[in-house]
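Asks: Listed below, chain by chain, are the residues.
Protein chains: 2
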Amino acid sequence: MTSNTVLKFRELGKKIVAVGRNYKEHAAELGNAVPTKPILFLKPTTSYVTQGHNIKIPPSCKSLHHEVELGIVIGKTGSQITEERAGDHIGGYVLALDMTARDLQDEAKKKGHPWTLAKGFDTSCPIGDVISKENLPNPGNVQLWLKVNGETKQDGNTKDMIFSIPFLISYISKYFTLEEGDVILTGTPSGVGPVDKGDVIDAGIGEISSFRFKVE
Amino acid sequence: MTSNTVLKFRELGKKIVAVGRNYKEHAAELGNAVPTKPILFLKPTTSYVTQGHNIKIPPSCKSLHHEVELGIVIGKTGSQITEERAGDHIGGYVLALDMTARDLQDEAKKKGHPWTLAKGFDTSCPIGDVISKENLPNPGNVQLWLKVNGETKQDGNTKDMIFSIPFLISYISKYFTLEEGDVILTGTPSGVGPVDKGDVIDAGIGEISSFRFKVE
Ligand SMILES: [Mg+2]
Ligand SMILES: [Mg+2]
Ligand SMILES: [Mg+2]
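Residue numbers (UniProt numbering), protein chains in the order written: chain V, 1 to 216; chain G, 1 to 216.
Treat the hints with care, since some could be wrong.
[As the list claims (entries may be wrong)] To give an idea of the chain G side of the interface with chain V (calculated C-beta under 7 angstroms), a few residues:
(1) P38
(2) D122
(3) L136
(4) Y175
These are computed hints drawn from the structure, not numbers from a lab. Quantities reported herein were computed from a predicted structural model and do not represent experimental measurements. Positions of the beta carbon are idealized from the N, C-alpha and C atoms, including for glycine.
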């Protein structure tokens, strides 16, 4: 059974922990090395945007990229979680986009600055409704796809993650207590690219969950 | 009057937006350029730790630094806040430490990675009780001090901030909606340095607020 906090994670959750470069082909397409440990960053919950509302391009961004990702909604608070017990802390799953101001991120990377502006602006996390664990029995082997104006841009499978879901939960919880309602974004497969004002993004997790967002 | 959400910001707030290098002498002491716009990063609310509990050194950190900072507690939700209206969004102030795994941050800066692990681990934000606006009428001209084992390490004044409090609120809210209960950490004056297991940190805002934390 899915708890109220999990169902209402967008209002009640407090953080989004996102993983960078968790798919080899995506690391390669941006010219980055394949990481030897997870690259973590935070998005604030004010970045959530739900269907019916638009994605907005943040100030001074000239290259807003889409990244489709599988999200994990934490169902049980914990820290120092072992990989073996990670499943107990999963409350459900969610389809999400990790919208990224790529030019601001590139500038941050060059200067050794935090990624926060590039990753955390308002509407940078379009998100769907919770998918129960029963409805996604095999999160480690499911298709993640994204189309821009009807054209397929991303079409990957979560089996190609570098770091598995149990590993990520365990690793993250060594540093950050994971609270019920928090979300982990598990990284994006290859095919990321820019969107412009007026573009329409459709994305989905196999045929289990999908959504549409417009860029304004 | 201070609202319940402001008084209980540690339980009810959702994000901590922190500002890097907001004092010239501190930028210089770490060999960094003086920024031309605010450097922003996030700490999760799971990083809060209150008096009576200890600061813990996170896994693989060999150089944990203290940074004493003036925190602003947001009292009224808003985005696109003008500098002129910034004061309306302040619910109170708070003494805070932005504990930093300096070695992890240095590694992140070198690789162009996010600062999140270095800045957001559990207990990385020791924090006091809310100071009402009445009790801190001049937040832009107040002493920030910190001692380790009784020896003064930091002793600066908020008048030396590069970016003022109204400017920071306005700038941050261009990107991130600021919600009631959120906290802005406004940066640290010079004198940062390492602490070890067993060290005792005393810190304060003038004689208005002070606290003590032990490193375990
Ligand atoms: Mg991503
Ligand atoms: Mg960051
Ligand atoms: Mg700081």
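Asks: Taking each numbered hint in turn, which are not upheld by the structure, reported in ascending numerical order?
Replies: 1, 3
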